[in-house]
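Peer 1: Residue strings, one per chain:
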Amino acid sequence: QQQVKQSPQSLIVQKGGISIINCAYENTAFDYFPWYQQFPGKGPALLIAIRPDVSEKKEGRFTISFNKSAKQFSLHIMDSQPGDSATYFCAPRATSGTYKYIFGTGTRLKVLA
Amino acid sequence: GAGVSQSPSNKVTEKGKDVELRCDPISGHTALYWYRQRLGQGLEFLIYFQGNSAPDKSGLPSDRFSAERTGESVSTLTIQRTQQEDSAVYLCASSLAKEKKLFFGSGTQLSVL
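So the protein sequences, as listed, match chains A and B.
As numbered in the working numbering, residues 1 to 113 make up the first sequence, in order.
As numbered in the working numbering, residues 1001 to 1113 make up the second sequence, in order.
Hints were generated in silico from the structure; no laboratory data involved.
Cβ atoms here follow ideal geometry from the backbone N, Cα and C, with glycine treated the same way.
Hints may contain errors.
[Said to hold, decoys possible] Mimicking DSS-like on lysine-lysine, the simulated pairs with C-alpha atoms at most 27 Å apart in a straight line are:
no., chain 1, residue 1, chain 2, residue 2
1, A, LYS42, B, LYS1098
2, A, LYS15, A, LYS100
3, B, LYS1101, A, LYS5
4, B, LYS1011, A, LYS57
5, B, LYS1011, A, LYS5
6, A, LYS71, A, LYS57
7, B, LYS1100, A, LYS42
8, B, LYS1098, A, LYS57
9, A, LYS15, B, LYS1011
10, A, LYS5, A, LYS100
11, A, LYS71, B, LYS1098
12, A, LYS100, B, LYS1098
13, A, LYS110, B, LYS1098
14, B, LYS1098, A, LYS58
15, A, LYS42, B, LYS1101
16, A, LYS42, A, LYS5
17, A, LYS68, B, LYS1098
18, B, LYS1100, A, LYS57
19, A, LYS68, A, LYS15
20, A, LYS100, B, LYS1015
21, B, LYS1101, A, LYS110
22, A, LYS100, B, LYS1057
23, B, LYS1057, B, LYS1011
24, B, LYS1011, A, LYS68
25, A, LYS71, B, LYS1011
26, B, LYS1011, A, LYS58
27, A, LYS42, B, LYS1011
28, B, LYS1100, A, LYS5
29, A, LYS68, B, LYS1101
30, A, LYS71, B, LYS1100
31, B, LYS1101, A, LYS58
32, A, LYS68, A, LYS58
33, A, LYS110, A, LYS42
[To be verified] Simulated restraints, written as ranges between beta carbons of each label pair:
no., chain 1, residue 1, chain 2, residue 2, range
34, B, LYS1017, A, GLY16, 19 to 25 Å
35, A, GLY60, B, THR1078, 39 to 45 Å
36, B, ASN1010, A, ASN67, 37 to 43 Å
37, B, GLY1028, A, ASP31, 19 to 25 Å
38, A, SER55, B, ARG1022, 39 to 45 Å
39, A, GLY60, B, ARG1022, 31 to 37 Å
40, A, ILE20, B, LEU1039, 21 to 27 Å
Required output: the full structure, derived from the provided sequences and hints.
Peer 2: Encoded structure:
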């Protein structure tokens, strides 16, 4: 029973381009919507997150857009750089019972120099 | 400590053997999570500890898996009678009670031959 669907599975972008990764969720009992970045051999690290009462949040080159009615949120990376090449995960936090973060399947981003 | 520490970083074992993985969370972090990441896939929730509350074990895949945590300190994940499908990276994360940001360790790469 997959509650979180992430797309695309992989993405190749030219340096300076825009990277867009999408996450759709099925369970409405989520209260926090983060994106994590993972480099090979490392654990994921929080990149940016948004609350459900906000439609957009921007931090530097990274923006989250949140559409509550569509149950979707997306990560936009502006002016993508080779150093952004990593795997990205959406991980909304479920509030039913205990606090669990449900990770998407990941998007492998490669930014070409 | 400076971050979440996991040991060993790599573990090779034979099918049928028991293994124990260790996680040292950031000092003061009351919440602790274990996740499993199979090669090229997303993170699969295993178990969640929050202070002295009963742990959420809903993600443990079988009764061969168990985890313990003493107070707000070290946690150990034990896998009994390991199987080849247990091969994965096991990630530990911790957070402050009222914070939502997860801090991950670098994981333990488990290989079952």
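Peer 1: Hints first: check each against the structure and report whether it holds.
Peer 2: To see whether the hints hold, each was checked on the structure:
1. LYS42(A) - LYS1098(B): holds (25 Å)
2. LYS15(A) - LYS100(A): violated (35 Å)
3. LYS1101(B) - LYS5(A): Within the cut-off at roughly 21 Å; holds.
4. LYS1011(B) - LYS57(A): Given that 27 Å is the threshold and the Cα spacing comes to 40 Å, the pair is violated.
5. LYS1011(B) - LYS5(A): violated (31 Å)
6. LYS71(A) - LYS57(A): holds (16 Å)
7. LYS1100(B) - LYS42(A): OK: LYS1100(B) and LYS42(A) at ~20 Å, within 27 Å.
8. LYS1098(B) - LYS57(A): Roughly 21 Å between the alpha carbons, so the hint for LYS1098(B) and LYS57(A) holds.
9. LYS15(A) - LYS1011(B): Outside the cut-off at roughly 38 Å; violated.
10. LYS5(A) - LYS100(A): holds (16 Å)
11. LYS71(A) - LYS1098(B): Measuring from Cα to Cα gives roughly 25 Å; hence the hint holds.
12. LYS100(A) - LYS1098(B): Given that 27 Å is the threshold and the Cα spacing comes to 14 Å, the pair holds.
13. LYS110(A) - LYS1098(B): violated (35 Å)
14. LYS1098(B) - LYS58(A): Status holds; Cα separation ~23 Å.
15. LYS42(A) - LYS1101(B): holds (17 Å)
16. LYS42(A) - LYS5(A): holds (23 Å)
17. LYS68(A) - LYS1098(B): Given pair LYS68(A), LYS1098(B) holds - Cα atoms ~24 Å apart, limit 27 Å.
18. LYS1100(B) - LYS57(A): holds (16 Å)
19. LYS68(A) - LYS15(A): violated (31 Å)
20. LYS100(A) - LYS1015(B): violated (30 Å)
21. LYS1101(B) - LYS110(A): Within the cut-off at roughly 25 Å; holds.
22. LYS100(A) - LYS1057(B): holds (11 Å)
23. LYS1057(B) - LYS1011(B): holds (23 Å)
24. LYS1011(B) - LYS68(A): Cα-Cα ~43 Å, so violated.
25. LYS71(A) - LYS1011(B): violated (40 Å)
26. LYS1011(B) - LYS58(A): violated (40 Å)
27. LYS42(A) - LYS1011(B): With a Cα-Cα distance of about 16 Å, the restraint between LYS42(A) and LYS1011(B) holds, given a limit of 27 Å.
28. LYS1100(B) - LYS5(A): holds (21 Å)
29. LYS68(A) - LYS1101(B): holds (21 Å)
30. LYS71(A) - LYS1100(B): holds (20 Å)
31. LYS1101(B) - LYS58(A): Holds: LYS1101(B) and LYS58(A) sit about 17 Å apart, inside 27 Å.
32. LYS68(A) - LYS58(A): holds (17 Å)
33. LYS110(A) - LYS42(A): The given pair, whose Cα atoms are some 17 Å apart, holds under the 27 Å limit.
34. LYS1017(B) - GLY16(A): 19 to 25 Å: violated (51 Å)
35. GLY60(A) - THR1078(B): 39 to 45 Å: About 42 Å separates the Cβ atoms of GLY60(A) and THR1078(B), which means 39 to 45 Å holds.
36. ASN1010(B) - ASN67(A): 37 to 43 Å: holds (42 Å)
37. GLY1028(B) - ASP31(A): 19 to 25 Å: holds (23 Å)
38. SER55(A) - ARG1022(B): 39 to 45 Å: holds (42 Å)
39. GLY60(A) - ARG1022(B): 31 to 37 Å: holds (36 Å)
40. ILE20(A) - LEU1039(B): 21 to 27 Å: holds (26 Å)
Consistency with the previously given hints fails for numbers 2, 4, 5, 9, 13, 19, 20, 24, 25, 26, 34, ordered from lowest to highest.
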